[in-house]
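2 protein chains.
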Amino acid sequence: MAQRVRVHNLSLSLDGYTAGPDQDAANPLGVGGPLLHEWIFATQTGQAMLGGSGGQTGIDDDFARQGFEGIGATVIGRNMFGPVRGPWGNSDWRGWWGEEPPYHHPVFVVTHHTRSPLVMKGGTTFHFVTEGVEVALQRALETARGADVGVGGGASTIRQLLQAGRIDELHLAVVPVLLRSGERLFAEPREVPTGYECVRFVGSDAVAHYVLQRKDA
Amino acid sequence: MAQRVRVHNLSLSLDGYTAGPDQDAANPLGVGGPLLHEWIFATQTGQAMLGGSGGQTGIDDDFARQGFEGIGATVIGRNMFGPVRGPWGNSDWRGWWGEEPPYHHPVFVVTHHTRSPLVMKGGTTFHFVTEGVEVALQRALETARGADVGVGGGASTIRQLLQAGRIDELHLAVVPVLLRSGERLFAEPREVPTGYECVRFVGSDAVAHYVLQRKDA
Numbered sequence: 001m002a003q004r005v006r007v008h009n010l011s012l013s014l015d016g017y018t019a020g021p022d023q024d025a026a027n028p029l030g031v032g033g034p035l036l037h038e039w040i041f042a043t044q045t046g047q048a049m050l051g052g053s054g055g056q057t058g059i060d061d062d063f064a065r066q067g068f069e070g071i072g073a074t075v076i077g078r079n080m081f082g083p084v085r086g087p088w089g090n091s092d093w094r095g096w097w098g099e100e101p102p103y104h105h106p107v108f109v110v111t112h113h114t115r116s117p118l119v120m121k122g123g124t125t126f127h128f129v130t131e132g133v134e135v136a137l138q139r140a141l142e143t144a145r146g147a148d149v150g151v152g153g154g155a156s157t158i159r160q161l162l163q164a165g166r167i168d169e170l171h172l173a174v175v176p177v178l179l180r181s182g183e184r185l186f187a188e189p190r191e192v193p194t195g196y197e198c199v200r201f202v203g204s205d206a207v208a209h210y211v212l213q214r215k216d217a
Numbered sequence: 218m219a220q221r222v223r224v225h226n227l228s229l230s231l232d233g234y235t236a237g238p239d240q241d242a243a244n245p246l247g248v249g250g251p252l253l254h255e256w257i258f259a260t261q262t263g264q265a266m267l268g269g270s271g272g273q274t275g276i277d278d279d280f281a282r283q284g285f286e287g288i289g290a291t292v293i294g295r296n297m298f299g300p301v302r303g304p305w306g307n308s309d310w311r312g313w314w315g316e317e318p319p320y321h322h323p324v325f326v327v328t329h330h331t332r333s334p335l336v337m338k339g340g341t342t343f344h345f346v347t348e349g350v351e352v353a354l355q356r357a358l359e360t361a362r363g364a365d366v367g368v369g370g371g372a373s374t375i376r377q378l379l380q381a382g383r384i385d386e387l388h389l390a391v392v393p394v395l396l397r398s399g400e401r402l403f404a405e406p407r408e409v410p411t412g413y414e415c416v417r418f419v420g421s422d423a424v425a426h427y428v429l430q431r432k433d434a
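In order, the protein sequences belong to chains Y and S.
Under our numbering, the residues of the first sequence are numbered 1 to 217, in order.
Under our numbering, the residues of the second sequence are numbered 218 to 434, in order.
Derived by calculation from the structure, the hints in this document are not laboratory data.
Some clues are possibly wrong.
Stated by the list, open to error - Examples of chain S residues toward chain Y, derived with CB under 10 Å:
hint: 1; residue: Ser230
hint: 2; residue: Leu231
hint: 3; residue: Trp314
hint: 4; residue: Gly349
hint: 5; residue: Val352
hint: 6; residue: Leu389
hint: 7; residue: Pro393
hint: 8; residue: Leu395
hint: 9; residue: Arg397
hint: 10; residue: Phe403
hint: 11; residue: Thr411
hint: 12; residue: Val419
hint: 13; residue: Ser421
hint: 14; residue: Ala423
hint: 15; residue: Ala425
hint: 16; residue: Leu429
Remember, it's a predicted structure, so these values are computed and weren't measured experimentally.
Even glycine gets a Cβ: it sits at the ideal position worked out from N, Cα and C.
Take the sequences, apply the hints, and build the full model.
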């Protein structure tokens, strides 16, 4: 099967926000943003991601787990990596995930500012790419050696790749919450990408899962 | 219990459209619009609405049925009543629903153009209100004699009443379809009304049901 570019577990509020307003180190997901992710942290996969055990199995856990399966490299935007803005300088920021991030493969961070690669425990290395999201994706595809590439977010990274038609599959998890401000996946209707269709819908007790695929994928 | 203003079974595409583009007599729901309503016509309530029998019971049917329970009068916009634009003239348009509409109570149609009331079979009378949506709602509240008032749509009627804080409860049914154009419930993020919260979420096999309530309702 051909190498694919996939987005999993992208949580949206019912009104289309992927994060709340006023993101900073104290509120990495923005104010109200954690409400969007409660469903995933309630799962076994989510608990394992936090280094714990327990958690629920079932539909939500199945979706959560798929986000880690068959992925050989990941692309993320800079805000997804951390709250630091501008040049990295002497920043010792090493991501939100502690010393052993849940990726366990190379992660390409799209940024305007150069920084040396950051080797973490468990197989994750953060590479900082200053040539834009398409170059980051290209490097991820090469590095993944035939495995799929995951795009982790945030909204702007995913939107750019969707509009370029570079994403094959997009899993949205719509959470029954209204945020009314923050970062939107599609700020305007014209940003909804052409050429995608919804191929799967499943509702759990907590969240509505939609899988979109590129029609020619 | 106080008289309430309720919207039920408002079907939205995943990208927020309540109807497809190019609404006319041949495409009352716009191109692609019928996809939004398949779920309701698959239910027992939906089949009965069409004058038939059979159809599914379960979550979707429970929601569909609630849209008819305890409602004493309904407000709808003109486009919801029919495709005729401008003055009514000699129009013999009597609604989309045949001679016995499924309302069985007074229905107030918001229009810019006067027309005499239209008495249908089975207790439905269409009243044409030219003084705006708030006056239509007021007349519906008085006519309902203590029962609740339903707001049937379309998007613009519901949006105006939401923004005026006149809707107590809003049931959205989000369908796993992308329409990319047509009529949106909220064209812009700022149109999402303040003061509402999502109090219930249930996913069926076909659709994600969200119930919003006004916080002070």
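Do the hints match the structure? See the list:
no.	hint	in the structure
1	Ser230	9 Å, holds
2	Leu231	6 Å, holds
3	Trp314	29 Å, violated
4	Gly349	26 Å, violated
5	Val352	29 Å, violated
6	Leu389	8 Å, holds
7	Pro393	3 Å, holds
8	Leu395	6 Å, holds
9	Arg397	5 Å, holds
10	Phe403	7 Å, holds
11	Thr411	7 Å, holds
12	Val419	7 Å, holds
13	Ser421	6 Å, holds
14	Ala423	7 Å, holds
15	Ala425	4 Å, holds
16	Leu429	7 Å, holds
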